[in-house]
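*Asks:* Dock chain B against chain A, hints included.
Chain residues, written in single-letter form:
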Amino acid sequence: MPGNIENNIINDMDDIVVSVRDIHVVLGGRTILKDINFDLKRGETLAVMGLSGAGKSTLLRCILGLLKPASGEIYVLGKQISKLNGKGWDDLRKNIGMVFQYPALFDSLTIMENVGFGLIEHSKMPIEEIRKLVSEKLATVDLIGTEDMYPNELSGGMQKRASFARAVITNPHIILYDEPTTGLDPIMLTVIDNLIKEIKKETSASAIIVTHDIKTASAVADKIAMIYEGRIIEIGEVSKVMQSDNPVVRQFMEGSTTGPIKV
Amino acid sequence: MTAFLEKTGITPFLSRIGIFIIALLEYIGGSVLLLLETLSWILRGALRLRHTFYQMAFLGVNSTAIVILTTGFAGMVISLQLVQQAVKYGLTMYVGGGVAIAMARELAPMLTAVVVAGRAGSAIAAEISSMKVSDQIDALYAMAVSPVKYLVVPRFLALLIMLPVLTLFSNLAGDVGGALVAHSLGGVQFDIFQDSITRLMSLKDLWAGTYKAIIFSIIISMICCYQGLTAGRGAAGVGQATVGAVVYSMIMIFIANYILSSVLF
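Line by line, the protein sequences are chains A and B. Here the working numbering is used: the first residue of the first sequence is 91, the next is one more, and so on. Here the working numbering is used: the first residue of the second sequence is 74, the next is one more, and so on.
Simulated from the structure, these hints should not be mistaken for lab results. Among these hints, one or two may not hold up.
To give an idea of the interface, some chain A residues facing chain B are shown, with a C-beta separation under 10 Å as derived from the structure [stated by the list, open to error]: (1) L154; (2) L182; (3) R183; (4) F190; (5) Y192; (6) A194; (7) L195; (8) D197; (9) E211; (10) L266; (11) A309; (12) P350.
The beta-carbon is built from N, C-alpha and C at its ideal position, and this holds for glycine as well.
Chain A with its partners taken away, still in its complex shape:
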């Protein structure tokens, strides 16, 4: 496994931005994830795939510190997250962008305030500059002119794109996408896929995308990790995982109802 950890810091930080080591997650007495290990390299995009309820979103929440694993360690940008205090978390989270499954825009704020939220809260940038930057980001997600609208005035797809703009406005080193294409029509799905690719090209941020959409995974990811029954059963280059002989992976990729996965 790459990355030598000494004194809670990953030494080859130039290469690895997220390192998950033997994590085990238990929620409500039920084991959700076990023996999860992987590294995410700088600039790399990893798609985490699996059935609904496999623990994919739980993994993202652990990386973001919203859930605490029962055992194991996670290193993000060189920090051992279990050792972080409140300020340490705040500093780390400023370097992570998160796109939630539901857009999670704040209902009481305008799109400008939503997208610029991170900058309004954490930077001393004048509001006019933030507004200019928000307009630029909104233009990249094709939402020009929505600055003064409220989230409930936008469609689901538009809200999703606004949440993309919010996630990238602070130029994070890592972007976490939690099922970014769920509930979208095929055209909007392609729009979101293209958007993720564009963000990757523009920001060179590393990304973890939780999805059960094979098209999205193959379009945007460099690597795929397949989770089944709480474990990563296959991880590697997209082409390698797509051609895997593992019967579970095969059944998932083919969407077949017959095989080792019980439906």
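*Replies:* Relative to the frame of chain A, chain B by itself:
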């Protein structure tokens, strides 16, 4: 012995009591920790004035009409009871003072708190729990913003300021309502009613009601925010959080009112 306890059904009963006590302690502990975190943000100057003013208008100003209506009728009913007896025994000069003391010491602070818990407290719990189920609270954490600083502090400060103010309005509404009933049913002149208030009621009565309102505002804001922040998933979670916020707030208001009354008077 164990077999006997299980056979008689005592073990499951004791187990349920144990679970209830643990949940209760967890709830109290969580609310107290929330209060401490809220105070620590305030001491660090995280006041968010724009949000606080908005919450003062939403939670306080918008509750004024229903609070005045409720306490106005409370004053009227107290006056109705007093004036019937007072007329019978020729003690109408004490009606004003009786109504005003009852309002200032007990009815105004408690009824105002109960109305605010029902109207504003439910709104707090529903809004925060809706944010919880739609991942907005997690989004705040993800953007390195404390939900306590962003959501709880403005609501805490808004109620801390507005509940005592509403309680003063309640006193006024109750006294006016009482005066109208005393005048129309008992023939008590307004100046006699007013004179009775100034003779019998002391400033201490008003201050005591204000102290109560301050404590009640802390109870309402903490319980309702805590219910919102710890809501379960889905629409059911929002419903349970909202109902729990109102019920627990009211229970705590009644308990605190008894304790405060025995300490203050």
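*Asks:* Interface hint check: D197/A, Cβ to nearest Cβ on chain B, cutoff 10 Å. Holds or violated?
*Replies:* Holds. Min distance 8 Å.
*Asks:* Closer than 10 Å between Cβ atoms is the bar; does P350/A clear it against chain B? Give me holds or violated.
*Replies:* Since the shortest Cβ distance to chain B is 30 Å, the answer is violated.
*Asks:* Do the numbers back the hint for L266/A, that is, is its least Cβ distance to chain B under 10 Å?
*Replies:* holds (8 Å)
*Asks:* Identify whether the interface hint at R183/A stands, where standing means a beta carbon of chain B within less than 10 Å of its own.
*Replies:* At about 4 Å, which falls below the 10 Å cut-off, the nearest Cβ of chain B leaves the hint on R183/A intact, so it holds.
*Asks:* Holds or violated: is there a CB of chain B closer than 10 Å to the CB of L195/A?
*Replies:* L195/A check passes; min Cβ-Cβ to chain B is 8 Å, inside 10 Å.
*Asks:* Can you verify the interface hint for F190/A: is its Cβ closer than 10 Å to any Cβ in chain B?
*Replies:* holds (4 Å)
*Asks:* Would the hint on E211/A be counted as holding, given a Cβ-Cβ threshold of 10 Å to chain B?
*Replies:* Since the shortest Cβ distance to chain B is 5 Å, the answer is holds.
*Asks:* Should the interface hint for Y192/A be scored as holding, given a Cβ-Cβ cut-off of 10 Å against chain B?
*Replies:* holds (6 Å)
*Asks:* Hint check: is the beta carbon of A194/A less than 10 Å from a beta carbon of chain B?
*Replies:* holds (4 Å)
*Asks:* Minimum Cβ distance from L182/A to chain B below 10 Å?
*Replies:* holds (8 Å)
*Asks:* Under 10 Å is the threshold here; is the Cβ of L154/A close enough to any Cβ of chain B for the hint to stand?
*Replies:* Holds. Min distance 6 Å.
*Asks:* Less than 10 Å between beta-carbons is the criterion; does A309/A satisfy it with respect to chain B?
*Replies:* violated (25 Å)
The structure does not agree with the numbered hints 11 and 12 stated previously, though it agrees with the rest.
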